[in-house]
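Each protein sequence line maps, in turn, to chains A and B.
Per this note's numbering, the very first residue in the first sequence carries number 1; after that it's consecutive.
Per this note's numbering, the very first residue in the second sequence carries number 1001; after that it's consecutive.
Simulated from the structure, these hints should not be mistaken for lab results.
It is possible that some hints are incorrect.
[What the hints assert, rightly or not] Capping the alpha-carbon separation at 20 Å, the derived lysine to any residue pairs in SDA-like fashion look like this:
#1 11/A / 97/A
#2 16/A / 1293/B
#3 16/A / 97/A
#4 11/A / 1314/B
#5 16/A / 1372/B
#6 16/A / 1269/B
#7 1434/B / 1343/B
#8 1271/B / 77/A
#9 16/A / 1263/B
#10 16/A / 1434/B
#11 1434/B / 1394/B
#12 1271/B / 61/A
#13 11/A / 1224/B
#14 16/A / 1428/B
#15 16/A / 1266/B
#16 39/A / 101/A
#17 1293/B / 1224/B
#18 1434/B / 89/A
#19 16/A / 1313/B
#20 39/A / 52/A
#21 39/A / 1060/B
#22 1417/B / 1336/B
#23 1271/B / 1313/B
#24 16/A / 1225/B
#25 1344/B / 1428/B
#26 1434/B / 52/A
#27 11/A / 1226/B
#28 16/A / 64/A
#29 1293/B / 1354/B
#30 1314/B / 80/A
#31 1434/B / 1206/B
#32 1314/B / 62/A
#33 16/A / 1417/B
#34 16/A / 1060/B
#35 16/A / 1299/B
#36 16/A / 41/A
#37 16/A / 80/A
#38 1314/B / 97/A
#39 1344/B / 1313/B
#40 1271/B / 62/A
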Amino acid sequence: MTTRPLVELAKTIRSKNAGVDQITFDVIFRDMVTYELVKRSRALTVETVMRLYGVSRERVTAFVEFDPALAIKFTIRRDRPSGSPGERDVFGAQQYAPLFDLPIPLD
Amino acid sequence: MSRPRGPRPERMSILSPTGHLGFTPIERGSFDIGVSRRPDAIVADSGSCDIGPQPLGADEHCSPAQWQRHDLELMLLAARRLRVPMIVGSASDTGTDRCVSQYAEIIRDVARHHRLPAFTLATIRSEVRLDDLKRRLDAGVRVEGLDGRSDLTLETLARTDRVVAVMGAAPIIDALDRGADVVITGRSSDSAIFAAPAIRAGFPEAAAYYLGKVLECASFAAEPFMGKESIIGTVTAAEVTVAPMHPGQRCTVASVASHAMYERASPFFEKVAGGALDMTHCRYEQLDERTAKITGFAFRTDSVYRIKLEGAGKVGERALAIAGIRDPYTIRHLDAVIAWARAKVTERWGEPGARYQLHYHVYGRDGVMGAWEPRREHPAHELGIVVEAVAPRFEDAEVICTLGTRNLFYARLPEVKGTAGTAALMMDEVLRGKPGYEWTVNHVLPLADPLELTALELETAGG
Chain A
1 MTTRPLVELA KTIRSKNAGV DQITFDVIFR DMVTYELVKR SRALTVETVM RLYGVSRERV
61 TAFVEFDPAL AIKFTIRRDR PSGSPGERDV FGAQQYAPLF DLPIPLD
Chain B
1001 MSRPRGPRPE RMSILSPTGH LGFTPIERGS FDIGVSRRPD AIVADSGSCD IGPQPLGADE
1061 HCSPAQWQRH DLELMLLAAR RLRVPMIVGS ASDTGTDRCV SQYAEIIRDV ARHHRLPAFT
1121 LATIRSEVRL DDLKRRLDAG VRVEGLDGRS DLTLETLART DRVVAVMGAA PIIDALDRGA
1181 DVVITGRSSD SAIFAAPAIR AGFPEAAAYY LGKVLECASF AAEPFMGKES IIGTVTAAEV
1241 TVAPMHPGQR CTVASVASHA MYERASPFFE KVAGGALDMT HCRYEQLDER TAKITGFAFR
1301 TDSVYRIKLE GAGKVGERAL AIAGIRDPYT IRHLDAVIAW ARAKVTERWG EPGARYQLHY
1361 HVYGRDGVMG AWEPRREHPA HELGIVVEAV APRFEDAEVI CTLGTRNLFY ARLPEVKGTA
1421 GTAALMMDEV LRGKPGYEWT VNHVLPLADP LELTALELET AGG
């Protein structure tokens, strides 16, 4: 089975706060063909998110395939509200890197 | 003085020059192009909770006053020249009462400085007194938690220093009805400050809130990526169109649709005071090369009018120190090193909790992602450690931080070769950070009257 890492297929992979209690992740594709390929591969699902980030299902508060933007989007509840003592990323802007190497089957 | 509402115009255009007024200065070129298009209003949001809980809790702003004045001056001069409303939401980052006063004073001063003809300045405050909230809780009002939080309790309220209500369009429409030319608001929904003039002009709430949704971050709705550039949105009874003013940008189906999901858990619903914008059936079309057209939005009015509250409370004073580790053996056993240092702190200060907090940020291993880091077992060849201690008194935070850092240096590992010190200290010094705060309130409060928590004041400025 041939695979390519998600980073080579996506136009944008980003993370950002969605309010003070959640971080949301957007994976956006350049064209419909690539978007559909990744969607159909089922390589990026709630289970993938749970495995990559080591979080329980109830912490993944949203998982959406958003066709108008050619995007797969999911949201994780934070350990504690943004900016509390011990904070590592107050904007939630650098949490997306583990998605890069996710292998996507091409056939 | 009141201003009658005329018949609904066919269309209304709003200029949005920045997604966060004052955070970095507005770019002049595309703003001037936007003004030359003679928009019907100039509107910008100036707040965000992304900056963390400290500015709200301590009532400090995080944007330089000089840039805030720069942006307000640009907008005021253009709005008064065009004789159109100017609306600024979430004054000075957090939208507290002090922030509203600060912006109002800048408006007065700029008006004097430029000898502007008289106009009506409205301020709308939305800070919520803690004893008001306590009375409501005592009366059994349910203040529901958002995003998985439990309902607000007296215990949580006791840990809170300051609360603001995130106002919807109603108080701003009220201000415009009373003749306001310039409106400075406390904390407000980004989309509501744009929706207010459109709703007042007679456009449907759905179209008005969508207009606000697409304009709230200015040029972020266009591509390629540029910040602080102006865009113009136009609303009619059935559609919204949006175009960038920077000649190098375009609003495309992809850029506008992708903005719909930016910083939101759901790309389909945008909650505001009193209801939600439903974007589930939105259709995005390319009108011309640089303009996108959106139709198909709906607005769901809540049966009970509820308003979002944001609140922050102080946790303690904060001390920070920096240490480095290069010895590969020590790096392999870093967890044991940190456990040793923690144990030495516990010996003198007890278990962490209400008395103190102690955090080790290990850059080069999991400093950015913490428990979410999948590559924790593959640390870099050298590590930077930021030791963060928080305690009610700074003197205590300082001592705890010193103890927790120096013991990285004195860690006892069975086979360590470097017996003269197990860490590199950039300096043997503890830094004072701003106090630690936390977001204690992210809840919604039911209201009998949408204007119940806001205070409107009108005055004449300029002239």
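Straight-line Cα separation of residue 1293/B and residue 1224/B no greater than 20 Å?
holds (18 Å)
Within a Cα-Cα threshold of 20 Å, do residue 1434/B and residue 1343/B meet the stated pairing?
The hint is violated at about 26 Å.
Straight-line Cα separation of residue 1434/B and residue 1394/B no greater than 20 Å?
holds (10 Å)
Check whether the Cα positions of residue 1314/B and residue 97/A lie no farther apart than 20 Å.
violated (32 Å)
Is residue 1271/B within 20 Å of residue 1313/B, Cα to Cα?
Given that 20 Å is the threshold and the Cα spacing comes to 25 Å, the pair is violated.
Please verify whether residue 1314/B and residue 80/A have alpha carbons no more than 20 Å apart.
holds (15 Å)
Within 20 Å, alpha carbon to alpha carbon, are residue 11/A and residue 1224/B?
Between residue 11/A and residue 1224/B the Cα gap is close to 12 Å, so the pair holds against 20 Å.
20 Å Cα cutoff - pair residue 11/A, residue 1314/B:
violated (41 Å)
Sort out whether residue 52/A lies within 20 Å of residue 1434/B, counting only the CA atoms.
violated (33 Å)
Regarding the pair residue 16/A and residue 1313/B, is the alpha-carbon distance no greater than 20 Å?
With a Cα-Cα distance of about 23 Å, the restraint between residue 16/A and residue 1313/B is violated, given a limit of 20 Å.
Residue 16/A and residue 1263/B were given as a pair; does the straight-line alpha-carbon distance stay at or below 20 Å?
holds (6 Å)
Decide if the proposed pair is consistent with the structure: residue 16/A and residue 1060/B, CA atoms, cutoff 20 Å inclusive.
violated (23 Å)
Of the numbered hints listed earlier, those contradicted by the structure are 2, 4, 7, 10, 14, 19, 21, 23, 26, 29, 31, 32, 33, 34, 35, 36, 38 and 39.
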